[in-house]
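Kindly produce the complete structure, drawing on both the sequences and the hints.
2 protein chains.
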Amino acid sequence: MKQVLLEHRLSMKSFLESFLDSKSEDFSSVNEWGSDVISRLKGFVLNGKLVRGCLVLMSAKMFSNSIYDEENALKAAAAIELVHSSLLIHDDIIDKDDLRRGSPAIHNQYEEYASKEGFKNHKHFGASFGICAGDIGFFMANELLSSINLPEHNKSALLKLFNSELCNVGLAEMQDINFEYLKDNVSEEDIINMYRFKTARYTFSLPMMMGAIIAGADENTVNKLGLIGEDLGIIFQIKDDELGIFSDEKTLGKSIGIDIKDNKKTVYCTLLMSDSNDSELKILKNIFGNKNITNEDIDTVRRIIIDKGIHEKISSRIKSLELEAITLIDMLNIDDNSRNILFKILKYNLDRTS
Amino acid sequence: MKQVLLEHRLSMKSFLESFLDSKSEDFSSVNEWGSDVISRLKGFVLNGKLVRGCLVLMSAKMFSNSIYDEENALKAAAAIELVHSSLLIHDDIIDKDDLRRGSPAIHNQYEEYASKEGFKNHKHFGASFGICAGDIGFFMANELLSSINLPEHNKSALLKLFNSELCNVGLAEMQDINFEYLKDNVSEEDIINMYRFKTARYTFSLPMMMGAIIAGADENTVNKLGLIGEDLGIIFQIKDDELGIFSDEKTLGKSIGIDIKDNKKTVYCTLLMSDSNDSELKILKNIFGNKNITNEDIDTVRRIIIDKGIHEKISSRIKSLELEAITLIDMLNIDDNSRNILFKILKYNLDRTS
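Residue numbers (our numbering), protein chains in the order written: chain A, 65 to 418; chain B, 65 to 418.
Just so you know, these hints were derived from the structure itself, not from any lab.
A hint or two may mislead.
Chain copies aren't distinguished; within one or between two, either way the pair holds.
Quick list of in silico lysine-lysine cross-link-like pairs, DSSO-like style, CA-CA up to 27 Å [unchecked claim]:
hint, residue 1, residue 2
1, K328, K247
2, K318, K247
3, K328, K355
4, K346, K325
5, K180, K328
6, K77, K224
7, K184, K247
8, K325, K184
9, K288, K408
10, K247, K180
11, K187, K328
12, K180, K355
13, K247, K325
14, K411, K314
15, K187, K325
In structure tokens:
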């Protein structure tokens with residue numbers, strides 16, 4: 065994974081930078097907020113990991129045979145990163161997160177501006193501007209994507225895929241918000257389904273499928289990549305849940321137990337709840353959703369997870385996802401080097417420690 | 065204008081209805097929020113005036129000569145109406161408006177759901193779901209637009225225009241929000257510029273340009289329609305401001321003086337402020353932005369507007385917009401019937417009483 069990022073990050077960054085610079089010029093003719101929002105977006109987008117964009121480039125190269133149209137691939141990669149940043153801007157308003165990528169979240173930056181100007185309701189001003197900034201990012205991404213130079217049929221397929229997957233991300237986001245408000249346990253199936261659309265298809269399937277469409281790959285290949293992406297992404301997310309409970313702060317680079325504090329519905333949480341007896345449930349319900357949990361509380365959760373054999377259950381889920389991914393990757397009509405890259409991403413997701 | 069709406073509203077409504085029904089089916093495979101959000105959007109979109117969509121259809125027909133592709137035109141019309149409803153959903157969160165089109169605003173509907181479920185922070189839940197619902201609408205609109213059957217060059221132009229104008233709407237919305245928070249007067253130029261991008265180009269230019277592109281009109285014609293739309297829309301908005309101060313509740317169908325209460329920066333407000341002396345300014349500043357203004361206060365504003373000759377100033381602005389529109393409409397290469405329709409829209413905007 066890191067190799068994929070390393071290879072493509074630099075070219076992505078410089079493309080995004082010059083694209084946003086040109087937009088800043090266009091937007092300046094509208095009003096003073098044009099260059100303002102672009103400069104904030106620029107800082108925000110370029111600070112991201114750019115995973116999705118790099119996967120577009122990787123996939124476009126993988127399926128391009130001899131003619132690799134880098135300009136097209138960079139446009140698609142930049143479009144997905146713009147949308148991703150815009151979704152995060154809205155997400156931070158929804159989750160009331162004031163920090164993102166090491167800096168104040170966009171709504172927070174506008175809140176600070178309003179506060180400096182002495183506006184009343186500066187919090188609402190910040191959220192309002194954040195909503196607008198995200199909306200602008202969505203439109204910019206679609207504008208950029210529409211400038212890709214492809215035969216009409218492939219271009220329609222690309223735009224349709226992009227926007228329909230993003231609709232699904234929006235629906236999965238609604239489901240996720242609702243889960244957080246729910247006190248009751250939710251089914252493993254519902255959680256995996258949420259992972260499928262909010263993380264897996266969006267982070268892995270969509271970029272790889274976009275790259276393949278740009279390279280002119282056939283529909284069957286594109287659909288296979290969609291399924292591979294689902295497997296890769298669900299593994300990634302389950303490992304994320306595991307690290308959030310079992311890693312330590314130093315290795316992970318962020319605090320442990322946030323999901324427990326937020327009563328986030330994870331696969332660990334749901335299996336734990338459904339396997340616990342009444343007295344264990346009583347203990348767990350005092351811990352999940354409690355903002356003031358201690359390290360001892362986290363240890364209690366860990367212990368019950370181990371006692372109940374939840375690890376083994378989850379390992380078997382991951383194993384079947386892994387096997388499915390391997391089978392599908394083997395079926396792709398690509399060279400050994402490309403196949404190896406996909407296997408490396410699979411291995412990275414399986415072994416991730418941060 | 066009413067004629068244009070009458071002619072096209074029915075076919076638009078039935079197209080939108082069956083499109084949303086098909087989306088409801090697609091979305092149901094994601095999660096239970098899929099059909100939920102579609103059913104709310106359906107009620108919301110179909111309740112609108114559908115002005116923009118009808119203008120797309122009018123323009124597509126006007127420039128199509130013999131071959132009018134109704135399916136394409138309906139898709140573009142539906143796309144702009146979907147985006148419009150989605151922008152209103154976000155707008156209602158920003159303006160904290162709980163009612164829209166005679167029913168609870170979308171964020172308000174979700175707030176009610178959260179309240180019934182006994183969720184804490186049901187207001188924030190409602191806003192969060194409203195943000196997601198709007199986002200989904202934007203992506204759906206772009207997906208629909210990408211399915212239009214046009215030569216690659218025209219299709220790119222259509223998608224580029226659509227999304228770049230919507231970026232500008234977002235920037236104008238930011239400007240408008242900032243204006244409302246500002247205590248100081250803003251320049252007439254800034255206000256007209258805000259009207260240009262937030263109302264005129266978005267409500268009149270964009271739909272007419274989209275219709276013309278679909279019909280295969282040349283670039284020069286499309287650009288002329290853009291300018292005509294600016295004139296039509298700025299006239300429409302200034303008349304709106306006038307009615308908001310000088311009409312009566314019965315004729316207008318909504319309460320008078322809201323813009324004054326909200327300290328909304330209108331052309332009337334800015335000309336009034338810049339032409340007033342210190343003692344008049346003192347009176348006006350106690351009225352503008354005061355949520356408890358009386359009918360007498362509104363009468364005071366009206367009297368100063370008349371005394372200062374603001375009406376005459378604004379009439380001369382409108383006159384030159386009207387003349388420019390007439391010149392441009394005369395230059396269009398269309399039949400007399402089409403030209404008459406455009407003149408009727410101009411006349412409607414000039415004479416509107418509600």
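Hint-by-hint comparison with the structure:
{"no.": "1", "hint": "K328 - K247", "in the structure": "within (10 Å within a copy, 43 Å between copies)"}
{"no.": "2", "hint": "K318 - K247", "in the structure": "within (26 Å within a copy, 43 Å between copies)"}
{"no.": "3", "hint": "K328 - K355", "in the structure": "within (12 Å within a copy, 42 Å between copies)"}
{"no.": "4", "hint": "K346 - K325", "in the structure": "within (16 Å within a copy, 53 Å between copies)"}
{"no.": "5", "hint": "K180 - K328", "in the structure": "between (35 Å within a copy, 21 Å between copies)"}
{"no.": "6", "hint": "K77 - K224", "in the structure": "both (26 Å within a copy, 23 Å between copies)"}
{"no.": "7", "hint": "K184 - K247", "in the structure": "between (35 Å within a copy, 11 Å between copies)"}
{"no.": "8", "hint": "K325 - K184", "in the structure": "between (32 Å within a copy, 16 Å between copies)"}
{"no.": "9", "hint": "K288 - K408", "in the structure": "within (18 Å within a copy, 55 Å between copies)"}
{"no.": "10", "hint": "K247 - K180", "in the structure": "between (39 Å within a copy, 14 Å between copies)"}
{"no.": "11", "hint": "K187 - K328", "in the structure": "both (25 Å within a copy, 20 Å between copies)"}
{"no.": "12", "hint": "K180 - K355", "in the structure": "between (31 Å within a copy, 24 Å between copies)"}
{"no.": "13", "hint": "K247 - K325", "in the structure": "within (13 Å within a copy, 42 Å between copies)"}
{"no.": "14", "hint": "K411 - K314", "in the structure": "within (22 Å within a copy, 70 Å between copies)"}
{"no.": "15", "hint": "K187 - K325", "in the structure": "both (24 Å within a copy, 22 Å between copies)"}
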